[in-house]
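Asker: Quick mapping for you: the protein sequence lines, in order, are chains D and S.
Read the first sequence against our numbering and you will find it ends at 322, with the numbers running on by one and no gaps.
Read the second sequence against our numbering and you will find it ends at 308, with the numbers running on by one and no gaps.
A portion of the hints provided could be inaccurate.
When the alpha-carbon atoms are kept at most 20 Å apart in a straight line, the in silico SDA-like pairs for lysine to any residue are as follows [said to hold, decoys possible]:
1. S:220 <-> D:123
2. S:224 <-> D:149
3. S:220 <-> D:122
4. S:220 <-> D:151
5. S:220 <-> D:54
6. S:224 <-> D:104
7. S:220 <-> D:99
8. S:220 <-> D:149
9. S:220 <-> D:106
To be clear, the hints were calculated from the coordinates, so they are not data collected in a lab.
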Amino acid sequence: MLSITDLVIGFHTPRGTIHAVDGVSLSLDEGEVLGVVGESGCGKSVLALSVLGLLPQPPAFVAGGKILFRDQDLLKLPGDAWRRLRGNAIGMIFQEPMTALNPVFTVGNQLMEVFRVHRNLGRAEALRESVEMLAKVGVPAPERRVKEYPYQLSGGMRQRVMIAMALACNPDLLLADEPTTALDVSIQAQILELMIALKEDMGTAIMLITHDLGVVAEMTQRVAVMYTGRIMEEASTVTLFDNPLHPYTLGLMGAIPRADATFETEALTEIQGVVPGLGNLPPGCHFAPRCPRVMDVCRTEVPPLVAVAPDHRVACWAVTHG
Amino acid sequence: MGRYILKRLWHTVYVAVGISIISFFFIHLSGDPVMLMLPPDASHAEVEALREQLGFNDPLPVQYWRFASHAVRGDLGTSLYHRVPAIDLIFERLPASLELAGAAMLIALVVSIPLGIVSAVKRGSFWDVSSMLGALFGLSMPHFWLGIMMILLFSVHLGWLPTSGRGTLAHLIMPSLALGLSLMAMFARLTRSVMLEVLSQDYVRTARAKGLREQWVIGKHALKNALIPLVTVAGMQFGFLIGGTVIIETVFAWPGVGRLVVQAIFSRDYPLVQAAVLVLAVLFVLINLITDLVYLYLDPQISYLEAK
Numbered sequence: 001m002l003s004i005t006d007l008v009i010g011f012h013t014p015r016g017t018i019h020a021v022d023g024v025s026l027s028l029d030e031g032e033v034l035g036v037v038g039e040s041g042c043g044k045s046v047l048a049l050s051v052l053g054l055l056p057q058p059p060a061f062v063a064g065g066k067i068l069f070r071d072q073d074l075l076k077l078p079g080d081a082w083r084r085l086r087g088n089a090i091g092m093i094f095q096e097p098m099t100a101l102n103p104v105f106t107v108g109n110q111l112m113e114v115f116r117v118h119r120n121l122g123r124a125e126a127l128r129e130s131v132e133m134l135a136k137v138g139v140p141a142p143e144r145r146v147k148e149y150p151y152q153l154s155g156g157m158r159q160r161v162m163i164a165m166a167l168a169c170n171p172d173l174l175l176a177d178e179p180t181t182a183l184d185v186s187i188q189a190q191i192l193e194l195m196i197a198l199k200e201d202m203g204t205a206i207m208l209i210t211h212d213l214g215v216v217a218e219m220t221q222r223v224a225v226m227y228t229g230r231i232m233e234e235a236s237t238v239t240l241f242d243n244p245l246h247p248y249t250l251g252l253m254g255a256i257p258r259a260d261a262t263f264e265t266e267a268l269t270e271i272q273g274v275v276p277g278l279g280n281l282p283p284g285c286h287f288a289p290r291c292p293r294v295m296d297v298c299r300t301e302v303p304p305l306v307a308v309a310p311d312h313r314v315a316c317w318a319v320t321h322g
Numbered sequence: 001m002g003r004y005i006l007k008r009l010w011h012t013v014y015v016a017v018g019i020s021i022i023s024f025f026f027i028h029l030s031g032d033p034v035m036l037m038l039p040p041d042a043s044h045a046e047v048e049a050l051r052e053q054l055g056f057n058d059p060l061p062v063q064y065w066r067f068a069s070h071a072v073r074g075d076l077g078t079s080l081y082h083r084v085p086a087i088d089l090i091f092e093r094l095p096a097s098l099e100l101a102g103a104a105m106l107i108a109l110v111v112s113i114p115l116g117i118v119s120a121v122k123r124g125s126f127w128d129v130s131s132m133l134g135a136l137f138g139l140s141m142p143h144f145w146l147g148i149m150m151i152l153l154f155s156v157h158l159g160w161l162p163t164s165g166r167g168t169l170a171h172l173i174m175p176s177l178a179l180g181l182s183l184m185a186m187f188a189r190l191t192r193s194v195m196l197e198v199l200s201q202d203y204v205r206t207a208r209a210k211g212l213r214e215q216w217v218i219g220k221h222a223l224k225n226a227l228i229p230l231v232t233v234a235g236m237q238f239g240f241l242i243g244g245t246v247i248i249e250t251v252f253a254w255p256g257v258g259r260l261v262v263q264a265i266f267s268r269d270y271p272l273v274q275a276a277v278l279v280l281a282v283l284f285v286l287i288n289l290i291t292d293l294v295y296l297y298l299d300p301q302i303s304y305l306e307a308k
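So here's chain D without its partners, still in its complex pose:
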C-alpha cells in the first residue's frame, strides 16, 4: 500500500547540504504495523513528514526516490491532491500533545474541521461525528469535552484528541511519530492499547516511529532500524528481537534495561562514541566509527541492504562478508 523507494531528503543549511534521509526503501502492507526505530536525529521524523508532504521547503528538498501510496507517486502529485490525502487517507499523530493542538480553538472546533474539509459535512453533523469520535478514543463526557479548550485537558486526553483527529476519516495509513514519548508511563500504556484496539477495529496500517524498543516489541509486526538517514536492518519484529544481526541493532538492544537482570549477571552496555553530525558523516558505513566489528571496507564502501533471510535485511559488511 505504501512503498518508499530510494528516498533521499536533503536540507540546505548554512554549512552546506545534508541528507536527513539517505536512500531509504520501505514498504507497508494493508493493516500492517511497521516500527521505525532509531536515535534522535536519525531521520525517522523527516521520513514520516515527507510521506505527508509536510516538510518545510525550503530548507528541505526531495533529492530523489519515490513514495508510492495506493499506486500513485505522492512526490509527483499536485499539491492540492496531496493535501486532500492528508487527514483523510493518511493521518498523523505527533509527539507533543501539549503543543500540537491550537490553544485558541475548542477541541470540537479543531476536530470538526477534519469532517468539514474531507467529508463536506455541515456544522451540526460534523459536531455529532466529532463527539462520536471522541467517545471512540475513550474521552469521557465527549459532549462536554468538545466545548473545552486544549489547556483544560491533560496530556493523555490531548493525545486521545490527536488520535481522534488523525483517525476521523478512517485513514488507510496512520503515521505515529513518537506518540507516547511525552506521556507518563501509565498513560503510555493506555494510548498504545487504544492504538492497537483502533487498528484492529479500523484496519489502519501504522508506521510507528519511536526510539523505544519496548513499544516496538509490543506494537509492531515489522521493524526498520534507522541510523543517520539510512536503514541498517529490517526484519519481522520476532526475528529482530530473536536474532539481531547489525552491530548497531545489537548495541541498541544491549542498552535496554531488563527487569530480570542483576548487576552481577548483566550490566547495560552502551554504544561507544556519539552519533556523528549529519554534516560530517564518514564515507562508507555511517556506523563504522562506533562499530565493534568494523573492517577496512566499512570505512570506504556503503554496505547495501541485503536479504539474509526472507524476512530479514541487513546493511553490514561484517554480517554479509565477514
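Take the given structure of chain D and dock chain S to it, following the hints.
Answerer: The following block gives chain S in isolation, referenced to the frame of chain D:
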C-alpha cells in the same frame, strides 16, 4: 463577564484620582500663571489681587481639594486663557482627535496586517525584502516632514486635497496617512515577526496534517494566535494617538486635543491642562479595557484565569 467589566470600570476611578493628583502637583511646580496673564508692568498689588481671586494663595492640598470636589460634580474648572469651562473645550476638540486617531489606526491595520502576513509566508522573497525595507522607511520618516511633503505634492502642486483644517473626508486623508504610515510600518514588521513565530508552532503543522487549505491554516489557525500581541500594541498606540498627535495637528491645522493641551501648557492654563490630562487618562484606561475585552475573545485561557 459583566462583573469583570464593572470591576475594571471601578479601577478607572483609582487611575483618575492618581493621575489628577500627580498632574496637579507637577503643573504647580512649573511656574506662576498670573505673571503670564497680566501685562509686564502690572503692580505687585495687582498680581496679589489676581492670585487671591484665583485661589492660588491657598495651600496646595486645599487647592487640590477644591479642584477634586468640583471635578466629581463634572466641573473641571474654567480655562484661564479661553475663559470658558475647560471640559467644554476638550469635548469640543475630542471628536476631531478620535476621528484622526481612528482613521490613522484603521489605515495602518488594514494595510499592515496583510502585508506582514504575506512577508512572513513568503519569507526571504523579493516581496518580503522590499516591503520590510519600505516599512523601515516609513518608520524612520519624521511625521512633520512627511506631512509637509504631502501638502507640497497633493495640495500645492496637484491641488487634489485641501492643505489643512477639518471637515470633509478629503481633509482627513493626508493627516491620517501621515500619522498612519509609521504605525503601518510598525505593525507590518510586528505582524511579520509574530506570524513567523506562530507559523513554526506545532499546531500549525497539525492543521496542515489535517489537510486544511493553506489559506485556512494561515487565516484561521495562525492569525488568531498572532493577533494577541498585535492587539496589545494597537491598543496602546491608539491611546497615545488621541493626545499625542501634536505635530500632525500643527502641520495640518487639525483642531485636536493635542494642540489644545500644548497651547495650554505654554500659557500655564492650569485648569485646562488638568482637565485634559484627566480626560485623556480616563480615555486611555477605557481603551485598555476594550483591549482586554478583545483578549478575552482571542485567548480563552485568559478568561479562564480571570474567572478564577
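Asker: None of the hints should be skipped; say for each whether it holds.
Answerer: Going through the hints against the structure:
A distance of roughly 17 Å separates the Cα atoms of residue 220 of chain S and residue 123 of chain D; the hinted pair therefore holds under the 20 Å criterion. A C-alpha spacing of about 14 Å is found between residue 224 of chain S and residue 149 of chain D, which places the hinted pair at or below 20 Å, so the restraint holds. About 18 Å separates the Cα atoms of residue 220 of chain S and residue 122 of chain D, which keeps this hinted pair within 20 Å; it holds. Of the supplied pair hints, the one linking residue 220 of chain S and residue 151 of chain D holds, its CA atoms being roughly 19 Å apart against a limit of 20 Å.
Using a Cα cut-off of 20 Å, the hinted pair residue 220 of chain S and residue 54 of chain D holds, with the two alpha carbons roughly 18 Å apart. Taken as a hint, the residue 224 of chain S and residue 104 of chain D pair is honoured in the structure, with Cα atoms around 7 Å apart against an allowance of 20 Å. Only pairs whose Cα atoms come within 20 Å are accepted, and residue 220 of chain S paired with residue 99 of chain D is accepted, the gap being roughly 17 Å. Taken as a hint, the residue 220 of chain S and residue 149 of chain D pair is honoured in the structure, with Cα atoms around 16 Å apart against an allowance of 20 Å.
A distance of roughly 13 Å separates the Cα atoms of residue 220 of chain S and residue 106 of chain D; the hinted pair therefore holds under the 20 Å criterion.
Hint compliance for this structure: no hint is broken.
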